[in-house]
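All chains should be built: construct the whole structure from the sequences, respecting the hints.
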Amino acid sequence: QGQLVESGGGLVQPGGSLRLSCAVSRSIFIINDMGWYRQAPGEERELVAMITRGGRTNYEDSVKGRFTISRDNAKSAVYLQMNSLKTEDTAVYYCNTGPRAMNFWGKGTLVTVSS
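29 is the number that our numbering gives to position 29 of the sequence shown; each next residue is one higher, with no gaps.
You may find that some hints are simply not true.
Stated by the list, open to error - If you anchor each label on the Cβ, the simulated ranges turn out as follows:
| no. | residue 1 | residue 2 | range |
| --- | --- | --- | --- |
| 1 | Ala40 | Ser7 | 12 to 22 Å |
| 2 | Ser115 | Asn73 | 30 to 40 Å |
| 3 | Arg53 | Ser115 | 32 to 42 Å |
| 4 | Pro99 | Glu43 | 16 to 26 Å |
| 5 | Lys75 | Lys107 | 17 to 27 Å |
| 6 | Arg19 | Gly54 | 16 to 26 Å |
| 7 | Asn73 | Glu43 | 26 to 36 Å |
| 8 | Ser27 | Ser115 | 38 to 48 Å |
| 9 | Arg26 | Ser84 | 31 to 41 Å |
| 10 | Ser115 | Ile28 | 34 to 44 Å |
To be verified - Restricting the straight-line Cα-Cα distance to at most 30 Å, the calculated cross-link-like pairs of lysine-lysine (BS3-like) are:
| no. | residue 1 | residue 2 |
| --- | --- | --- |
| 11 | Lys64 | Lys86 |
| 12 | Lys64 | Lys107 |
| 13 | Lys75 | Lys64 |
Just so you know, the hints here were simulated from the structure itself, not pulled from any lab data.
The beta-carbon is built from N, C-alpha and C at its ideal position, and this holds for glycine as well.
Here is the structure:
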């Protein structure tokens, strides 16, 4: 069983919404701040949202006001609510520790924003 398992991606029209989920192994989740990263075709992977163990959040400028990161400590899960999606949000989304990721990744979940 994977230590980072992302889900919830799909095809959505511009202006639409998606909610991503990430199941994190307990040993990783309880001691780390967590983040959502994305990698668009031909681009470097970037951190777009982060949440501390205490619930404090931080966002990359391009997603501020549109994306909301949250965590469920009982379920060892991290979520990313994405609203007002734009074509430039198209990417594979990953969760990992933040602001510095571990040296392994889950498979990610593909988000495609297109009309």
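Discussion item. Check the structure against each numbered hint from earlier and tell me which ones fail, lowest number first.
Written reply: Going through the list in order, the structure violates no hint and respects every one.
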